[in-house]
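Peer 1: If you want the building blocks of each chain, they are given just below.
There are 2 protein chains.
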Amino acid sequence: MSKVAKKYLATDPWIIEEDGFHPEHAEVSESIFSLGNEFMGVRGYFEEGCTIERFVGSFFNGIFEEEPINHPVNYNGFPRRFHFMLNSLDWLYTRISVGKEALDLGKSRFSGFIRSLDLREGVLKRSFTWHTGKGDIRVEFERMLSMVRPNVGMQRITLSSLGFSGRIEVKLGLDFSNLQHNRGKSFWNTLRKEHCGDESAIMARTLKSGQKVFSAMKTSCSAEADVKKEAGPQIVSRSYRINLKENEKVTLQRIVVNTTDKKAVDDDVFWKRSLETARKLDITGYEKLRAEHVGYWKKIWAAQDIEIDGDPENQQGVRFGIFQLHQTYHGVDPSLNISAKGLTGEEYHGHTWWDTETYCLPFYIFNNPAAARNLLEYRYLTLPQAKQRAIEKGCKGARYPMETIDGTEACSVWQHGDLEIHVPVAISYGIWHYSHLTGDKDFLHGHGIEMLAEISRYYASRGGWSQLTGEYGFWCVMGPDEFHMMVNNNCYTNFMVKKAFEYTIAVLEEMRKKAPAKFDSIVKKLNLGKDEMGNWKKMAEHMRIPQDRKTGIYEQHDGYFDMPHLEVDKIRQEEFPLYHNWAYYKLFRTDMIKQPDAMLIQYFYSKEFSDKVKKANFNFYESRCSHESSLSPGVHSIMAAELGMHDKAYSYWGHAARLDLDNYNNNTNQGLHTTSMAAAWMNVVYGFGGLRTDGEFLSFRPSLPKKWKSFKFSLRYQDRILDVHVDREKVRLSIDGNGAVRVELFGKACTLDEKGLEMKMPAGRIA
Amino acid sequence: MSKVAKKYLATDPWIIEEDGFHPEHAEVSESIFSLGNEFMGVRGYFEEGCTIERFVGSFFNGIFEEEPINHPVNYNGFPRRFHFMLNSLDWLYTRISVGKEALDLGKSRFSGFIRSLDLREGVLKRSFTWHTGKGDIRVEFERMLSMVRPNVGMQRITLSSLGFSGRIEVKLGLDFSNLQHNRGKSFWNTLRKEHCGDESAIMARTLKSGQKVFSAMKTSCSAEADVKKEAGPQIVSRSYRINLKENEKVTLQRIVVNTTDKKAVDDDVFWKRSLETARKLDITGYEKLRAEHVGYWKKIWAAQDIEIDGDPENQQGVRFGIFQLHQTYHGVDPSLNISAKGLTGEEYHGHTWWDTETYCLPFYIFNNPAAARNLLEYRYLTLPQAKQRAIEKGCKGARYPMETIDGTEACSVWQHGDLEIHVPVAISYGIWHYSHLTGDKDFLHGHGIEMLAEISRYYASRGGWSQLTGEYGFWCVMGPDEFHMMVNNNCYTNFMVKKAFEYTIAVLEEMRKKAPAKFDSIVKKLNLGKDEMGNWKKMAEHMRIPQDRKTGIYEQHDGYFDMPHLEVDKIRQEEFPLYHNWAYYKLFRTDMIKQPDAMLIQYFYSKEFSDKVKKANFNFYESRCSHESSLSPGVHSIMAAELGMHDKAYSYWGHAARLDLDNYNNNTNQGLHTTSMAAAWMNVVYGFGGLRTDGEFLSFRPSLPKKWKSFKFSLRYQDRILDVHVDREKVRLSIDGNGAVRVELFGKACTLDEKGLEMKMPAGRIA
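Just so you know, the protein sequences line up as chains C and D, in that order. The end of the first sequence is residue 1862 by our numbering, with every number in the run present. The end of the second sequence is residue 1862 by our numbering, with every number in the run present.
Treat the hints loosely; a few may be bogus.
With a straight-line cut-off of 25 Å between C-alpha atoms, the simulated DMTMM-like cross-links for lysine to aspartate or glutamate are [unchecked claim]:
#1 K1633(C) - E1662(D)
#2 K1491(D) - E1662(C)
#3 K1491(D) - E1487(C)
#4 K1491(C) - D1362(D)
#5 K1645(D) - E1487(C)
#6 K1681(C) - E1669(D)
#7 K1665(C) - D1626(D)
#8 K1681(C) - D1626(D)
#9 K1665(C) - E1487(D)
#10 K1681(D) - E1669(C)
#11 K1357(C) - E1662(C)
#12 K1681(D) - E1566(C)
#13 K1633(D) - E1662(C)
#14 K1665(D) - E1487(C)
#15 K1491(D) - E1161(C)
#16 K1681(C) - E1662(D)
#17 K1491(C) - E1662(D)
Keep in mind the hints are simulated off the structure, nothing from the lab. From a predicted model like this one, the values you see are computed outputs, not experimental measurements.
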């Protein structure tokens, strides 16, 4: 798994810049320069068209197509319907020509190419000088997707004559002919396209799922121009004929309003309603819309930056990650969620995984708590699907899916979708984590407890009682470590479910005492049986957590210690990735793991494990880990930092922050590793920052990598901004607004008030 | 699993007879009245056509079509090509009409219907009186598939006027328009059809697998007739116009020669060669061909009958089973094998399973040793495919497929095809069983040892060494009990592989000493490494066989005793079959089993286990067994008989002998349960006969069910016929030819010579 940086972008603390066009990285750049605003996303493709290989990607969160899953034999309970995020219309469609000469960076002569994304503003710019047969033109593009108004996208094109004089034709379109990139075909049926007054609009429907996308644009031109309104089978467009005089310039602007329909609203009703939305925006408002968008980003960075002194490349990488996370999701709509590649590619099908609760949620809890709540509300909205799925599997309660867009199971591989029963408990964990840190009882005592109870019900119906020991546990599961299929009593799963049972009971008990009306109402709504809580309690108390008491090492599952040993280090490099190069069944029958389940619980519930136990588990599992999961090195880094193994901590963090900027995995062309960016953020805050969130107070135990002079991060925490600054001398905590909080620093409980808190860095915490 | 007899056939010791047509059982009768001769098979359909629902089935052993297997995700090593036995041409195609009145038992008026199969002769007869508008005609059909000449099938139609007078038209055809019944489409492309002299012939090729079937017929008529030669797109036929006078009769005969091509022989060459074969048979030879066929059956019954006094229904059932087994396979061609439904239906796709070696082979060893050898030669012919499959799975040696026709894996469900690693060891077991009983060193020291060694190699590459105990074993397997997927160290698998290792080494050692030239040549051919035998020995010595030493109960696999308990008796009847009614994943996570793996080894290697251990295992596993495998009750019956649980023995044997005659499983319409018939034979011989074959001599420990006055069976054994007669007083063994043998009777070693051997039945052995 040797990873080599493919570096071609400038290192800058705030700006991602491509100086000179790098066609060999064309699709990688398209991913990196992606813009998004949770509702929609566009890759950084050249909107004017280009004959160089490219992946024109334009996505709407939650808009998908469906198809049947064909199993060789369809056993009861197998998922039957697959769905995948659709590549949608190119609403930036632009064609520019001068006479018979069409602008095409694959063919045209040009110079001075620069493409840049200023993370402080969220505006993508690109410019170059086009050497036409009739003289030079400086071409500038600007685009943004409003972070304030989810439906709105904007484009500005400036054409400045550098000696050129003559007629230019610019065509601005809304184009549904764009194909699903990884399938080479379209899943759209264009229903309607019209020029209606100021707007040009188009609407299409997916072939099977019946979802619709509508797009309308207003366009304007700073100079006088002939405007021709046109339409093709899947496109509606306006062509501007402009006479550009020598050394003058012309600016074209377009504001696009996109809407989606997932509920099969009547075509006509949806069209009219969407057009109304579009008409409310005034074309003169480009600057206003731009300003409010840029203002949004200013506010973000004022409160939520991470600063690293001494590591400019990772400084850039971490900020790029923060930027992309906000772009992917910021809590506008609880029916939306985060997919593995955000809105930047088709890989992983736009599906949401348990990564949302385990890897992404902390970022939102500490940066945008309202968004964090909405991520959980998404699960509440899909609770009916989870309950239905539990029934299909012969269980009760709520069985959340392995991967999904609309809440139904879309994992086509039954062995993952059905054996990885740790997905629902990740949601319980998320509810606990969010509620514990924000104190949001409104959520907890409403939707939260309903999910907690239904999830507990699921586990109470899915498990069994050992005939030998009388313990409760789960037989036939696959843990997060997917290199062991159908094992019994995976330590991660069992531990997490124990916690979930206990938390569900604690919340219900708290409600019974402190919110009896809500308690009564939830008991009634859920038809909560008399024995249910008692059963959960018994199950939690008797939960099997396999561990070697002598060494403290948790046994990943029953019989794991007995399995044949494999020297992971001796696997030849060319055999990776093992999934591609090994016979499938060979993956499962040794003690090699893909990611360390035992470490994960020791990170999530840090307080419950001694340093000695953590060290023993780290040493044992590290040597058995193949890191075939991209989430694995992050956990190793966090645990190594905690245990004072500074070099390992920094080495495992390694490429995390620049995974995409340097295309370490050679697949950034397919889209960004969005959820990995959340992990990179966790690596700074939980890893080097040493934050732990499972105690009564926030606790910090920072460490400082060799290379870093200092670093600083900020957390939103219970209506305060809490800053953590670490340098080679000291750690300094400060707080802004709303009074003092209790924190733990290097194991010592302290009060943090407006005066701040300072402590000398212990020698062992500095690399 | 309540099984109810659907009885409509007469009970007779030798004849299967349907008196009066039972259209409600039409397809069941088609299965029951199937004829076959190993090379080909036809269901008992009405060849004259019928508008009542029917399943016209005509099969050639080993002729299949192929198609890709589509997995939702194609992991490395998954089987990719499926193949299935094709329903082929209707070479009995007949149409009979009188003016505009076509004979059709779905519509025509008729009486006196009788269909009968005399097991002593192997000739299927059917007759009825057809009440035409112009008077009555007695119609008689006779058909047979020569047991002596595999390519030959025969038909005779006799039309006797019972008052009728006028013209009758009879059309005799070879028809390739017959559809694959369970898919409703044809996979045949008719290439050529001709009337060439006396013969009419047709040839077709499958669409994808490229196999060919050729069919030629000679027809004759006892009366003067106009003969018209005809052909349609997929049929070639001859129509006879006959003037039938009052109270006279006419007989039509046809002899068909069918040939197959599996090796893509040039069409023209195959056609000419086949036609030559057909021309060698003289049409005047119908009676001669019939006589030699009937003679074959006479010889079979003279030596290989089972007689049961006091149980006429089971007497009939057992003989029907013996008859069908001989029809399905009698060792004509080592490239052919036995499929689960023989040549009587499309279910199970004509695939061969490990049932051949474990359930069918004993029947052939004791009835037709040459056929038994050929069943093993089939495995030798497909050794290259098994070696290729081992490589695909990241292993060495030979990995025989779960199910196949041509030796490649055709199990579309990877979890069975890949986890049930006990298939190759069943072949080792078969080689041992055959060689041990027949003493055939020619086979053993040639093809036998080559397979044994390659199979041992496979297991040496597939297993691993326990880190805790240093034992050898197999992780991630599925035992014959398919209710536990991906378990570690299944006791059946481990035990059988230990035996296979030991036997392979023993044979090699024996060869080294007694056949050094053959030994050297095999070592060279296999490139047998110096360490290989030593490794196998070590693996056998350290093989993990999980057992509770205190109770003697074998643990079906690591951790089985710990699994949650399920009260199998409390599952409601309507939940069966569980595969259809339960969520798939629910099947695997309790101690409920589908069939008893631990009992199976105690039956195969009876000498190695004490009665106490057998009893403990029977009691433990019986209550946990759902018998969802049709092979399960048989093993229970055999073990119960051994342990003197007479009622259980008889009750588990229950429907085995009449499974199809009484359509207990409601699926006889799909075809006969051929391999279950072998199990029914085993139930008499090994169960009530108490035969065990794993000791140095044959050993007998008979018991007598309450209902039986006496029973008798015969075994071919080392060029002798050995008769066993058991009644309520005594057991009598006698032997025919070739000198004395040593046997064990009720635990006592004796010499059995031509005087015979008699022993009083112990009280405990009579129910």
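Peer 1: Could you run down the list of hints and mark each one as holding or not?
Peer 2: Right, here's what the structure says about each hint:
1. A distance of roughly 22 Å separates the Cα atoms of K1633(C) and E1662(D); the hinted pair therefore holds under the 25 Å criterion.
2. Restraint check for K1491(D) and E1662(C): satisfied, since their Cα atoms lie roughly 20 Å apart, inside the 25 Å limit.
3. Distance hint between K1491(D) and E1487(C) is unfulfilled; the C-alpha atoms sit about 40 Å from each other, more than 25 Å.
4. Restraint check for K1491(C) and D1362(D): the C-alpha separation of about 61 Å exceeds 25 Å, so the hint is violated.
5. Distance check on the hinted pair: K1645(D) and E1487(C) sit about 41 Å apart at the alpha-carbon level, beyond 25 Å; violated.
6. For the proposed pair K1681(C) and E1669(D), the alpha carbon gap of about 39 Å is over 25 Å, so the pair is violated.
7. At most 25 Å may separate the alpha-carbon atoms for a hinted pair to count; K1665(C) and D1626(D) meet this at roughly 23 Å.
8. For a cut-off of 25 Å, the pair hint linking K1681(C) to D1626(D) stands: about 24 Å separates their Cα positions.
9. A C-alpha spacing of about 21 Å is found between K1665(C) and E1487(D), which places the hinted pair at or below 25 Å, so the restraint holds.
10. Among the hinted pairs, K1681(D) with E1669(C) is inconsistent with the structure: their alpha-carbon atoms are about 39 Å apart, more than 25 Å.
11. This hinted pair does not check out: K1357(C) and E1662(C) have alpha carbons roughly 50 Å apart, beyond 25 Å.
12. Only pairs whose Cα atoms come within 25 Å are accepted, and K1681(D) paired with E1566(C) is accepted, the gap being roughly 19 Å.
13. Of the supplied pair hints, the one linking K1633(D) and E1662(C) holds, its CA atoms being roughly 22 Å apart against a limit of 25 Å.
14. Taking the CA atoms of K1665(D) and E1487(C), the gap is near 21 Å; set against the 25 Å cutoff, the hint holds.
15. Of the supplied pair hints, the one linking K1491(D) and E1161(C) is violated, its CA atoms being roughly 42 Å apart against a limit of 25 Å.
16. Note on K1681(C) and E1662(D): the hinted pairing is violated, with a Cα-Cα distance of about 35 Å set against a maximum of 25 Å.
17. Under the criterion of a C-alpha separation no larger than 25 Å, the hint pairing K1491(C) with E1662(D) is consistent with the structure, at around 20 Å.
In the structure shown, a violation is registered for the earlier hints numbered 3, 4, 5, 6, 10, 11, 15, 16, in ascending order.
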